[in-house]
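Peer 1: Produce the complete structure using the sequences and hints provided.
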Amino acid sequence: MVLEDKKALDIEVLKVAEKTMLAEYFIIASGSSNTQVKALVDDVLFEISEKYNIKPHQVENDSGNRWNVLDYRDIVVHIFYHEEREFYQLEKLWHGPLSVDVVDEINNSNK
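Positions -7 to 103 (the numbering used here) are the ones given, in order, by the sequence shown.
One thing to keep in mind: the hints can contain errors.
Cβ-Cβ distance ranges computed for the label pairs, FRET-style [stated by the list, open to error]:
{"id": "1", "residue 1": "Ser55", "residue 2": "Leu1", "range": "15 to 23 Å"}
{"id": "2", "residue 1": "Ser41", "residue 2": "Lys84", "range": "30 to 38 Å"}
{"id": "3", "residue 1": "Asn45", "residue 2": "Glu75", "range": "29 to 37 Å"}
{"id": "4", "residue 1": "Phe79", "residue 2": "Asn45", "range": "29 to 37 Å"}
{"id": "5", "residue 1": "Gln81", "residue 2": "Lys43", "range": "27 to 35 Å"}
{"id": "6", "residue 1": "Asp63", "residue 2": "Met(-7)", "range": "13 to 21 Å"}
{"id": "7", "residue 1": "Lys11", "residue 2": "Glu52", "range": "16 to 24 Å"}
{"id": "8", "residue 1": "Tyr44", "residue 2": "Glu4", "range": "20 to 28 Å"}
{"id": "9", "residue 1": "Leu82", "residue 2": "His49", "range": "14 to 22 Å"}
{"id": "10", "residue 1": "Asp66", "residue 2": "Glu42", "range": "15 to 23 Å"}
{"id": "11", "residue 1": "Asp66", "residue 2": "Thr27", "range": "27 to 35 Å"}
{"id": "12", "residue 1": "Glu78", "residue 2": "Asn45", "range": "32 to 40 Å"}
{"id": "13", "residue 1": "Glu42", "residue 2": "Phe79", "range": "31 to 39 Å"}
With a Cα cut of at most 25 Å, we get these calculated BS3-like pairs of lysine-lysine [what the hints assert, rightly or not]:
{"id": "14", "residue 1": "Lys84", "residue 2": "Lys(-1)"}
{"id": "15", "residue 1": "Lys47", "residue 2": "Lys7"}
{"id": "16", "residue 1": "Lys84", "residue 2": "Lys7"}
{"id": "17", "residue 1": "Lys(-2)", "residue 2": "Lys30"}
{"id": "18", "residue 1": "Lys30", "residue 2": "Lys43"}
{"id": "19", "residue 1": "Lys(-2)", "residue 2": "Lys47"}
{"id": "20", "residue 1": "Lys30", "residue 2": "Lys47"}
{"id": "21", "residue 1": "Lys(-1)", "residue 2": "Lys30"}
{"id": "22", "residue 1": "Lys(-1)", "residue 2": "Lys43"}
{"id": "23", "residue 1": "Lys43", "residue 2": "Lys7"}
{"id": "24", "residue 1": "Lys47", "residue 2": "Lys(-1)"}
{"id": "25", "residue 1": "Lys11", "residue 2": "Lys84"}
{"id": "26", "residue 1": "Lys(-2)", "residue 2": "Lys43"}
Derived by calculation from the structure, the hints in this document are not laboratory data.
Think of the CB as a built atom: it goes at the ideal place given N, C-alpha and C, for glycine as much as any other residue.
Peer 2: In structure tokens:
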């Protein structure tokens, strides 16, 4: 996964389909600097475009690269500056242990 390769912090995959119609999954990751956050966003956009020929439906970010959202419809990627992530605590908004193992999810969907 590109986020792991680029040393993103605290990567979590949340299965949110039963709680919202926004997406099936949220991927949440952090960077330790605004520069790293921008690099993570750029790398995710490039990797998904190159490997899967998929462009995001929408990209939202602030000018300081503190919170970026890449909306691929079924999968929404949130990339935060670590202090911003601690402030918003997005994982807690979804109430409960929704974190999933990506490999298990892929294997189950291929059955």
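Peer 1: Compare the structure with each hint and give your call.
Peer 2: Structure-based check of all given hints:
1. Ser55 / Leu1: 15 to 23 Å: holds, 22 Å
2. Ser41 / Lys84: 30 to 38 Å: holds, 32 Å
3. Asn45 / Glu75: 29 to 37 Å: holds, 35 Å
4. Phe79 / Asn45: 29 to 37 Å: Between phenylalanine 79 and asparagine 45, where Cβ atoms are some 35 Å apart, the hint holds.
5. Gln81 / Lys43: 27 to 35 Å: holds, 31 Å
6. Asp63 / Met(-7): 13 to 21 Å: holds, 18 Å
7. Lys11 / Glu52: 16 to 24 Å: With Cβ atoms ~20 Å apart, the hint holds.
8. Tyr44 / Glu4: 20 to 28 Å: holds, 21 Å
9. Leu82 / His49: 14 to 22 Å: holds, 19 Å
10. Asp66 / Glu42: 15 to 23 Å: holds, 19 Å
11. Asp66 / Thr27: 27 to 35 Å: holds, 29 Å
12. Glu78 / Asn45: 32 to 40 Å: Holds - the Cβ-Cβ distance for glutamate 78 and asparagine 45, about 35 Å, lies within 32 to 40 Å.
13. Glu42 / Phe79: 31 to 39 Å: With a Cβ separation near 33 Å, glutamate 42 and phenylalanine 79 satisfy 31 to 39 Å, so the hint holds.
14. Lys84 / Lys(-1): holds, 23 Å
15. Lys47 / Lys7: holds, 21 Å
16. Lys84 / Lys7: holds, 13 Å
17. Lys(-2) / Lys30: The given pair, whose Cα atoms are some 11 Å apart, holds under the 25 Å limit.
18. Lys30 / Lys43: holds, 20 Å
19. Lys(-2) / Lys47: Distance of about 20 Å is within 25 Å: holds.
20. Lys30 / Lys47: holds, 17 Å
21. Lys(-1) / Lys30: Within the cut-off at roughly 13 Å; holds.
22. Lys(-1) / Lys43: holds, 20 Å
23. Lys43 / Lys7: holds, 23 Å
24. Lys47 / Lys(-1): holds, 23 Å
25. Lys11 / Lys84: holds, 13 Å
26. Lys(-2) / Lys43: holds, 17 Å
Hint violations for this structure: none, all hints satisfied.
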